[in-house]
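Undergrad: Chains as they are written, first to last, in the UniProt record's numbering: chain A, 1 to 370; chain B, 1 to 370.
Simulated from the structure, these hints should not be mistaken for lab results.
Keep in mind it's a predicted model, so treat the numbers as computed, not measured.
All C-beta atoms in this analysis are idealised placements derived from N, C-alpha and C, irrespective of residue type, glycine included.
Any given hint could turn out to be false.
[Unchecked claim] Just so you have them, the derived chain B footprint on chain A, three or more residues with Cβ under 8 angstroms: (1) 18-24; (2) 134-145; (3) 185-195; (4) 319-327; (5) 335-346.
[Said to hold, decoys possible] Here are some, though not all, of the chain B residues that point toward chain A, as calculated from beta-carbon distances under 7 angstroms: (6) Val80; (7) Ser82; (8) Ser204; (9) Met206; (10) Gln231; (11) Ala233; (12) Ala237; (13) Leu266; (14) Ala268; (15) Thr352; (16) Glu355; (17) Ile358; (18) Gly365; (19) Leu367; (20) Thr368.
Take a look at the letters that make up each chain.
Protein chains: 2
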Amino acid sequence: MRTRVTDMLGIELPIFAFSHCRDVVAAVSRAGGMGVLGALYFTPEELEMELKWIDDHVDGRPYGVDVVMPASYEGADMGVDSAEDLVGRLQGMIPDGHRKFVDDLLAAHGVAELSGSDAGKVLLGWTDATARPQVEVALRHPIALLANALGPPPADVVELAHARGVKVAALASTPRHAVKQVEVGVDIVVAQGTEAGGHTGEISTMVLIPQVVDAVDVPVLAAGGIGDGRQMAAGMALGAEGVWTGSIWLTVEEADTPEMARRRILEATSRDTVRSRSWTGKPARLLKNEWTDAWEAADSPGTLPMPLQFMLVSDALRRIGRSDAAELATFPAGQIIGTMNQVRPAKDVVFTMVEQYIEATERLGRLTQE
Amino acid sequence: MRTRVTDMLGIELPIFAFSHCRDVVAAVSRAGGMGVLGALYFTPEELEMELKWIDDHVDGRPYGVDVVMPASYEGADMGVDSAEDLVGRLQGMIPDGHRKFVDDLLAAHGVAELSGSDAGKVLLGWTDATARPQVEVALRHPIALLANALGPPPADVVELAHARGVKVAALASTPRHAVKQVEVGVDIVVAQGTEAGGHTGEISTMVLIPQVVDAVDVPVLAAGGIGDGRQMAAGMALGAEGVWTGSIWLTVEEADTPEMARRRILEATSRDTVRSRSWTGKPARLLKNEWTDAWEAADSPGTLPMPLQFMLVSDALRRIGRSDAAELATFPAGQIIGTMNQVRPAKDVVFTMVEQYIEATERLGRLTQE
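Generate coordinates for the entire structure from the input sequences, incorporating the hints supplied.
TA: Here it is, written out as structure tokens:
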């Protein structure tokens, strides 16, 4: 298959696979698509190890890295130099009432405390101070694509990537965002509909893609609700030149998804997700359960702005993950989890997607010939 | 174009146009698609007049009628015989606090009282008692399709339609709903994504259509977010055999849409809609404004179940429509209102959709040949 995107990146198939798991990234790139490693959860040192592993297992095929540099977050204007400095200042901004709400919620579900807790110390890579070191690590590897998950990346980061011959993509949930991204030099816009897992906007993929395609001249990838080849064909029919997928990789054989989460995904319907601020402070589609419900309940203190909310809840989510309180264990998940009912190798998912894509396009062609 | 749906109904194009305006219905049917008149707002006598007009203006082409027989509503089990009886009983169920909330909201926006008010008396066609007379009127006309907007129609209504050679369609927002509809004899399932205007579920069109196509053997129409030929091609790529459209007809030349609403739609973006219970008590996508916001605010009494909510607000919405309080005037609208920027004849919308469909499918075919 050829589109401007496959030409730009030297890939065979315009199928992008976002995953936090290096095995999935390498498998999809080896199958002819492009794996994109989500760097968010890794320290610069960990990221270095992951990318080294991918370099050794990708057979020279192109792959990408996804960082999170939100255009706005609490502390963005504090003028701090280090992540440690920023963490200290932000910690003081979390109200005691919020800490008590989380403690009480976990106690009510019998979730045990953990020793060596990092409560309130986790910032993750979604500030400029924490994402920049990730970018520096990524650009020391032979990556083909640097993607930014929350709006336009800083212009100097785009320049840095371009200077290394690396293309830049950014996620957009409105046509206005897409135009801003192209203004700072983004090469590929990932137009992501509300049905997507993780941080997401309000407009559906069906409505959003044509608007973004009409608003910008650079190639557009369709994201949100893309899990099979019919959905891939639909995304391309809407004007996209490739598809960006995420949730679908949570249940492939190679994925390091925790067993409790994998089981929950295989059982879930498409109505079992919800757009919620309870993970990071910005709206993200998550598995709907007693955790997301609790933040909507009458006694909820409301969520905090990014990155305070994740600092508040990161330790709680870790404790929940190690407990039996499955009813509280949430994670980013798109509406397509309703159709994810089996565990297959990543390569099979890619090849089935292409077969279904071809079937769908042939069927469409026949409809107008009869 | 040929699909099972065009064969079943004897139409040239599998494009269905839902509209409350008879002129739009006749224009789309004359253009080769199928206009479907929404009967909701009409008394049986008014509906008789509208259908007589359509019979005289449709050049013998097939058209349809859409009624609303919800599977569940307050009063469904009261065993009343007439709409008048039902209205009287339901009126007593509307709390005074809710009436005061609506009165205060209108007063705050300077909306005048109207003489001859029908406050609280309007039930509309969304109970069995009110929709059945509409069905009887519809079946006296040469309609080709009877559609039900809120779930599976009663089995005896399906039989009645089939006995007259009329096909039956029903809207579904989950695969489970679709299976239930086929069980009562529905011939066509309209799978409607959350981006659609009016009563709508949570699952997006991109995710929903393949699930419904896989769940039932009857043909499926794609609904929600379908406004141009790229979206039509996407819907068909997902497995649908036709498209069901609604919002797109609000701004065609033939539409009797009030000027204030038409102007608002032409200006709106796709983020200017919201799923709200403030119109009928069931979630429906509406134009987002101070009306929908007020029902979400901290001092809102909450919405009432169908059909009480519309009985509560119908007079208010009529008063707002006749006032200058544009900030309160809401109506059902899908996310595609963001791309509706011009007024064209209905025929042009149909023909452009087909041209774009053919372009999109040809483009898709080329991608795999290069």
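Undergrad: Closer than 7 angstroms between Cβ atoms is the bar; does glycine 365(B) clear it against chain A? Give me holds or violated.
TA: 5 angstroms, holds
Undergrad: How about valine 80(B): closest beta carbon in chain A under 7 angstroms, or not?
TA: Result: violated, 33 angstroms to nearest chain A Cβ.
Undergrad: Report holds or violated for the interface hint on threonine 352(B), using the least CB-CB distance to chain A and a cut-off of 7 angstroms.
TA: 13 angstroms, violated
Undergrad: Under the criterion of a CB-CB separation shorter than 7 angstroms, is serine 82(B) in contact with chain A as hinted?
TA: Constraint on serine 82(B) not satisfied, violated at 37 angstroms.
Undergrad: Is the listed coverage of the segment 134-145 of chain A by chain B valid when you require three or more residues with a beta carbon under 8 angstroms from a beta carbon of that chain?
TA: With 0 residues close enough to chain B, the hint is violated.
Undergrad: Interface hint check: methionine 206(B), Cβ to nearest Cβ on chain A, cutoff 7 angstroms. Holds or violated?
TA: 3 angstroms, holds
Undergrad: Three residues or more, CB to CB closer than 8 angstroms: is that satisfied between the segment 185-195 of chain A and chain B?
TA: Since three or more residues must qualify, the claim that chain B covers the segment 185-195 of chain A holds, with 3 doing so at under 8 angstroms.
Undergrad: Does threonine 368(B) meet its interface restraint, that is, does its C-beta lie within less than 7 angstroms of any C-beta in chain A?
TA: Holds, about 6 angstroms.
Undergrad: Against chain A, with CB atoms and a cut of 7 angstroms, does the hint on glutamate 355(B) hold up?
TA: 11 angstroms, violated
Undergrad: Given alanine 233(B) was flagged as interface, is its beta-carbon under 7 angstroms from a beta-carbon of chain A?
TA: 4 angstroms, holds
Undergrad: May I ask you to test the interface hint for serine 204(B) with respect to chain A, counting a Cβ-Cβ separation under 7 angstroms as satisfied?
TA: 4 angstroms, holds
Undergrad: Using the nearest Cβ pair, does leucine 367(B) come within less than 7 angstroms of chain A?
TA: Status holds, d = 5 angstroms.
In summary, the structure is inconsistent with hints 1, 2, 4, 6, 7, 13, 14, 15 and 16 from the numbered list given earlier, while agreeing with the others.
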